[in-house]
Structure formats: structure tokens, C-alpha cells
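Colleague: Protein chains in written order, with the working numbering: chain A, 25 to 151; chain B, -6 to 646; chain C, 2 to 178.
If you are wondering where the hints come from, they were derived from the structure by calculation, not from laboratory data. It is possible that some hints are incorrect.
To be verified - A partial selection of chain B residues facing chain A, derived with a Cβ cut-off under 10 Å:
1) K26
2) V345
3) V426
Stated by the list, open to error - Residues of chain A clear of chain B, computed beta-carbon distances all greater than 10 Å:
4) F46
5) K67
6) Q72
7) A86
8) G98
9) N100
10) T107
11) G113
12) L129
What the hints assert, rightly or not - Facing chain C, from chain B, some residues (calculated, C-beta under 10 Å):
13) F69
14) S288
15) Q292
16) A296
17) S300
18) G568
19) A618
It should be emphasised that the depicted structure is a prediction, and the values quoted were computed from it without experimental measurement. Using N, Cα and C, we set each Cβ at its ideal position, and we do this for glycine too.
Residue-level listing of the chains:
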Amino acid sequence: MKILGSFRLWLVAVLAVGVVAFVATPSASTWQARAAHLETLVKCPSCQDLSVAQSNATSSLAVRHEIVTMVKAGDNDTQILTTIERAYGSSVLLSPSVGGLGVLLWAAPLAVVMMAGAIGWRLRRRR
Amino acid sequence: MIVSWLGRIALYLAFVGCLGGVVAQARTIRRGKASAALLWSLVALVGIAGAVGVMQWALITHNFSLAYVAENNATFTPLLYSISGMWSALEGSLLLWSLILGALVVAVVWRYRRENTDSVVAWATLILFVVAGFFLLLMIGPADPFLHNPAHVLQGAGPNALLQDNPLVAIHPPLLYAGFVGFSVPFAFAMAMLITGRVQERWPLEQRHWTVIAWGALSVGIVLGSWWSYQVLGWGGFWGWDPVENAALLPWLTATAYIHSVIVQDRRGLFRVWNLSLAIATFAFTILGTFFTRSGVLQSVHAFSSSTLGPVLITFFFLTVGLGVGLIAWRGDALRTPVGVDHPLSREGLFVANNIIFVGFAFVVLLGTVFPLLYQAINGTQVTVGTPYFAAVAAPAGIFLLALMALAPVVSWRTVDGPTVWRRLRVTAWSAVAVTALLLVAGVHHWPVLVAVFLAVGAAGSALRTLKGVLVAARRRGDWWEAWRAPSTAGMVVHLGIVILAIGIVVSTSYTTRTEVTLASGQRTVVAGQVIGFNGFHQVATTLEHQTQLVVSVDGAGLRPAITTFNGRSSQAVGTPAINSNLLRDVYITFDAVGGTGAASGAQVQSNVPAGSVVLGVTVEPLLAWLWIGGLLVGIGSALSLGRRRHREEVVA
Amino acid sequence: MRRSISLIAIVALVLVGGLAVLLATRQPLSATSVQSPLLGKQAPAFAGQELDGGSFSLARERGNIVVLNFWASWCTPCKEEAPNLSTLAWQEKHAHRHVVVVGVVFNDSLASARAFERYYGSLYPSISDPQGTIAFHYGVTSPPTTFVINAKGVVAATLIGPASQRQLQQVVARVAQ
């Protein structure tokens, strides 16, 4: 397939915009950003499925306070989540940890992608 | 007592209608003579309509001799909520489902009345009678809506208060059910094709109208549900990946795949196995959905109370899937086509990718929904699978789908001709880059948002290009009506709706600002560029309720978030959020607390806030209104498809 | 083609069969024990008017085990739980075991709450919490939520969701030790 000149130009433009976008994206290094991100991963203990970022219940405020304290103390994300899980039970994390059976949750989308690849490859071969 | 028996007799009549229909169809299949299917379907419909009528009459007249009315209605329940009370709990919801199904069976029998000796039609009708009979059997047996209430109660328990303050309760469930029930038709025909072995025929194309209408109803129903949540729940969210929400999403996903995949069968006779499987899967998912909602097995704010229906529904689900899969395996040879997909990047190839993404995503959502059950069964402890997981898998799926929407309309069938595709795509492609660059310059530095916008402009561009082609052709012919009826018009309008919806979702979830502000009367503050001002209290008292409103201004517009207490006598504080909405952003304000000793308002008192001041919860969500606009466009597009011209005659493979 | 269809068919059947068995064998939801921030702490004091007259004060119940249940008439799992709580109240009253069951209804209208109480034959008093202050102090957002407070006034257990009869008996027995 011949790659046209105008297409090449367009690709360059996309790449340029992409690089600028990637470089300009602020990283989540401020403690507020980290805390905000972690808050979306923890369920409010007394709610059904709201995260502590969304709920203003007292238990939610308590957890938010703990997260902020731990982030400021310099713990990394995994440590914080593990501490909270130990304090509030395994069902307080909104996304199960990858260890153990949780690996199934992430293996499934991967399997779909692999199957898509396999089907695409078989279609190519059939030509 | 009489009311109870009247209702029951109506149900028995409906069941007799279904049974008669099954027997009549069986005889047609055996002997090839036309049956009285229409008569039997009418008997069934009359029966169900009668049952619904009895229930509605009991609800409207607050007749507490029916246990269902006593539990879901009270003497002070307004008319609209008495009517909608029929589907606010389990047994009654089955009445609504059966009513729609009964009407659908009559419609199908009527539509194919001239071909009712045709074996596919006969089998499909028989299967529809069986499905209707199943739901009736549920009501005759374990989920009896007409259970007599032996106690003489003067007052009912009243409907769920969450369900009686928004008129959407009268629209959202019926639309959803119309969608779910509508998918019984492609299912019945798919099974009929497999049973009779006539799998090379064009029945799926015949079905497309039914399917698209059902799909449209389901789509609008889901969007309305999100809108309702948004207005009521108080935290500005609209989708929680709750098990019952997921249960409605699953059939929508496979139905969308089906609608697209059938196009390929229309053009080139391919994808027969895909299409049959998708039709069966969609119906199976609706049954699974009824299980999640009614079994009490998963926690959900939408769930009805738990009941014994669980095992019955699961058995029906498994039978459906088992029979479907078995039949497809059995007919495997007949489903083979001599031609195949020529190239993965041809239009057929892109449709394969489409099918894989939708089915794969449905599989992952299903896994995430049942995973807590699986985990507890194996490990004994509880886990939650919530938004972080689902959003993480939805994002790439959404990205790929947007890309497909941009590419598929400009790619040719069978071949891959780079220069032609590029020629068609050039304007769109450059527009996408331009808009993205503009946003980058304007300060949007969140790369997921930029990628989404880039692809969304691409998808919109391709859709608009197709529509432009249709309009040009119509003008050349001098026939504008032709434009509405062109095969691609409705679909491209729906695509535009989806693009707008997608942008709304991506931007509002990425840039939401949520905060609490304390304001004294006359004071103002700025949240995310919006000027919020508090200007005092306003008390409103009616015979039914007392409302303390806050006079709030948002960018100059007036809002009245409030706290309402009912019945005057010191009780209950129900928060009423106030939303100021425009095309650019939604500002969502809740009356969270009041300062000093402010007991008069019924609001939460916060002691560290000075008297006369209030604490407002403020959420600013950009582009949120685009969700509803997109949803509206999807609905309009689906309605447009009713006039869709059928494509050219059958292509011989 | 035929072989791959059969293979996919078998895999699909096994997966769906497994799913069906898993789902069919699940029990309807009951309450989960949660780690509320109040565990081990003194239960916030409160007092209030009972729905059918009379007054209640937590301080007066020192020495008894208090099963404190937050509910609302619009909450569907509360309807399932109500008979279990009444049964518990009845059993404990007749066993003279110093266990008191009390409900707190919040975010609800008096009329609906009273109708609920009467309809479900409540055998224990419920206090109205019109401004949600008691619920706020206990950190309750979604009913049904049940706290079990031991004889010293310390929160010993928290359950979220509809508690089954067995769960209630077990948790009371555990706290009584």
C-alpha cells in the first residue's frame, strides 16, 4: 500500500500533537492528586458502591482523612491500600488486588485482546 | 377476595392463550395448515391486559385486599405513582413485562399472518408463546401479584419514597422493558432458523426493524435512567456500574453488535453464526438481567426484594443458552459460507473487530459483576468490583469503538484501497488534528481526553460525510424524502448521538470539581470558574410539606436547593439538589448543613459554622448536558430507522 | 469450520454452565460485618421520641446490650430484616437476657415510618431522627445498618445490609460474652 505524501504529512502532525500532549500532561505527583486518585479506589464503608471521593458520610470522611495522612507521610500507593484493606476488610477496595483470584479480572480483558489478535491474524493468512 | 380471584383468572386466561398457541403452532408445524395463532395470541393479550387492568384498578382505588397493593401503595399516594407502583416491585414488574410481551406476540403473528404456515414463522411463533407462557407461569406460581391480604389494613406501606418523587418512574421502566422484551423476537426467529435448518435465509434482515426499535427503546431507557440518577442521588453521578445497571448494559452490548453484524449478512451473506449467536445471547442476557434484579443475590439499589425466583430464572437462562449453543453446533455445516472475509481491514474485517469488541466487553462486564460471588464461593471473603475496574476496561473499548466509527464508513467492502480511504478521510482527519491541537493550546492537557476528542471528531466526520453524500444524492434526484429513507441515514444520526454522548462522558468524568463552600447571606465565592452566591433563606409551606429553600445564584441564574420536611410535624429531611444546566457545564448544588442552631430548616446542623451561614455542596461538571443531547439523538436516529429502505435483493453467496 | 464451532460451543456451554451453577447456589444477600470507625469506641449518645409515643435514651440502657438498627420505609432490604429484628426482640424479652432492640428511622416521613412499623408488626420501638443527626453521628448513609452496643456502651459490631435471624443471634451471642 503506497503511503501518500499528504498522509505522511498528516501522520507527522498527529505525532507532533501527540508528543506535545504527552509532555504537557501533568503527572500525578502532587500529594493532592495522589490522594484524590486513591480516594476513587476506596469504597465508603457505610455506602453501597460509592467511593470515598464521592460520598460525604462520616465514615467516608474518616477514610479520606486517613488517606491524606498516609500520602503526606510518604507511603506508596500499595502500602496505603493494603493498610486500608486491613483496617476495613477486603470489600472496601473498589478494585480487588491482583493477587490470588483477582488475576482473573485482568486476565479476561487480556484474553479478549489475544483472541482478537488471533482472529485478525487468521483473516490475514486466509488471503 | 374477589379482586384477587379476578386477577388470577385473567392470568389463567392468558396462560391458556399461550398454551393454545403452542399447541396450535405445533399442529401447524406438523401438518402445514394455517393455525388460529392470531386468535390464541389475542386471548393471551386480553388475559394479560385484564390482569393489568385489575391491578391498576386496585392500585388507583387503594384496594389493600391485595397484598401487593398494601405493600406498594397508600391512601395518600398520588395517581401517577399508583399507576407506576405496578412495576415498582417484583410481582408487578412481571405484569408489565408480560403485557409488553403479549402485545408483541400479537404484533408478530399479525405481521406474518400471510406466511404463518412457513416453518420458520411457525417455530418462531411457538417459541414466543413458550416464552410468554414462562413469564405467566412465574406469576401463576412463585411470584403471584394477586396474593390476597388476609389482614384488614386501613393503610398500606406506601411506595418506595425514592420512587415517588420523579415522574421518570412512569417512563424509564416501561422503556427498558420494551427493549428487553423486544429482543425475544430476533431470538425466536434465530432458534426457528436453527431448528428448521433454514439458516441461509434472510430472516435476520427481516428482524432488523424489530431489533432496532427494541434497541432504541433500551438505549433511551438506559439514558433516562442515568438522567434520573443524576437528578436525584445528590452527588452528580450518572452511572455506578451497579449489578442491575450492568444487567441492562449486557443485552444492549450484544444487541448493538447484532444490529451491525446483520449488515454484513445483508451485503455478503457472511456472519451467520455470529448473528444467530448474538440474537440468542441478547435474549439470554435479558433473562440473566431479570435474575440479577429479582434474586437478591447481588446488592443493588435497583434490586427488588429477594425471592424464590432465582433458581427458576437461572434454569431458564441455562436452557436458553444450552439449546441455542447446541443447535448452532448441530447446524454447523449448514452455516458454512463459501466466501469469507477478504482482508482484516476491509469493511467486513472492521465489523469482525466490532463484534469482538462488543462481545469481549460484555464478557468482561459480566465477569466483573459476578466476580464477588465467585470470590466468595471460593475464598469465603467479600470483595467489591467497582468503577475503577469497569472504567479501566471501558476506556480502551470506547477508544477502539470510536476509531471503528471513524473508519468503517469510509472503508470499502472486500478490498483495502489505501488511497481511496485516505481521500475520503482526509478532511475528517485534518479536522481531528486541528480540534485536538486547538484544545491543547486552550489548556486541555489530559491526554485521555485529547485522544477521545481526536477519535470522536473522526467518527463525527465520517458520519457527517456519509450524511452529506445522502443529501447530495437526494438533491440530485429531487427527492428529499429519499434522504430520510436511505439505509445509512438513521445509523449515522445514531452515531452522531453516540459521539456527543461519549464526549460528554469523557469530559465530565475527567474534569469534575467537587467541593463544599460555606457562605453567609450575601456572600459569594468562585468554584471552577462559576460564581456561587447565597442570598438567604426562603420558607415555603404547603399542606403537605414544608420546604426550606436557599436562594442561591450561579453565574447570575437563580437556584433553590432545598430541604423538604413532609407533613409539617417535625420530621424527615429530604434533600433536594438544584441543578443549573447549560451546554457548557452543569452546576449541582446541595444544601448540606446550616450553621448555628438553625433547627428551623430541618437541615444538618454544623456547629463550627456561624449562625445564618450555610454549607453548600457544589459540583461542577463540564459538558454533562451532552449526555442527554446525545441520548436524544440516539433516540431520534432509532425512530428514523423505521423508514429505512431495505437494501437490494438477496446476494447469492 | 465445524470443528471450531463445536469447540467454541463446548467452551461456551462449560462456562455458562459454571456460571449458572454458581448463581443458582447463591444465597440471597444478608448483612456484612463491617469495620466501622466506631468499633471499640463509646457509642454516641442519643435520645429521642419513639414513633408511637414514649421516649428513649441510650444512656438509660447502660448495662443492656443494645441492638441499634437504622432503617427507612423506602428501603427494600429493611422490609426483609424487620421480622428478624422483631423475632430477636421477642426472644430476648422472654429470655430476660438484657438485650434491647431499638430502631432509628431517618430520611423518611413520619406517616410512612409508622405505616411500615404497623405493617411489619414491629415488636421493638423505633425513634424518629428527623434531621438525620443520629444517623450522621453513627456514620450511617444507607439503611439497613445495625450496630450492636455492649453493656458498657461500646460499639462491638456493625452490620450493613439485611441481617438474617441467625446472624443477629450469632452477633448478640458474641457480644454477650
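Colleague: Now tell me if each hint is right for this structure.
Modeller: Structure-based check of all given hints:
1. Among the interface hints, the one on K26(B) is violated; its C-beta lies about 46 Å from the nearest C-beta in chain A, farther than the 10 Å criterion.
2. Hint status for V345(B): holds, given a least beta-carbon distance of 7 Å to chain A, under 10 Å.
3. Below 10 Å, beta-carbon pairs count as interface contacts, and V426(B) has one with chain A at about 5 Å; its hint therefore holds.
4. Not every CB of chain B lies more than 10 Å from the CB of F46(A), the least distance being 6 Å, so the non-interface label is violated.
5. Taking the minimum C-beta to C-beta distance to chain B, about 6 Å, the non-interface status of K67(A) is violated against the 10 Å cut.
6. A Cβ of chain B approaches the Cβ of Q72(A) within 10 Å, the least distance being about 6 Å, so the stated non-interface status is violated.
7. No Cβ of chain B approaches the Cβ of A86(A) within 10 Å, the least distance being about 16 Å, so the stated non-interface status holds.
8. Taking the minimum C-beta to C-beta distance to chain B, about 23 Å, the non-interface status of G98(A) holds against the 10 Å cut.
9. The Cβ of N100(A) sits about 17 Å from the closest Cβ of chain B, beyond the 10 Å cut-off, so the non-interface label holds.
10. Interface exclusion of T107(A) from chain B stands, the closest Cβ pair being 17 Å apart, more than 10 Å.
11. Against the 10 Å criterion, G113(A) falls within the reach of chain B, whose nearest CB is about 7 Å from its own CB.
12. Some Cβ of chain B comes within 10 Å of the Cβ of L129(A); the nearest lies about 6 Å off, and the non-interface call is violated.
13. The beta carbon of F69(B) is positioned within 10 Å of a beta carbon in chain C (closest approach about 7 Å), and the interface hint is therefore held.
14. This hint holds: S288(B) has a C-beta 7 Å from the nearest C-beta of chain C, less than the 10 Å allowed.
15. Of the supplied interface hints, the one on Q292(B) holds, with its beta-carbon coming within about 6 Å of a beta-carbon of chain C, less than 10 Å.
16. Evaluation of the A296(B) hint against chain C yields a held restraint, the C-beta minimum of about 7 Å falling below 10 Å.
17. Satisfaction of the interface hint for S300(B) is found here, the shortest Cβ-Cβ separation to chain C being roughly 8 Å, below the 10 Å cut-off.
18. This hint holds: G568(B) has a C-beta 9 Å from the nearest C-beta of chain C, less than the 10 Å allowed.
19. The interface hint given for A618(B) is broken, as the beta carbon of that residue sits about 28 Å from the closest beta carbon of chain C, more than 10 Å.
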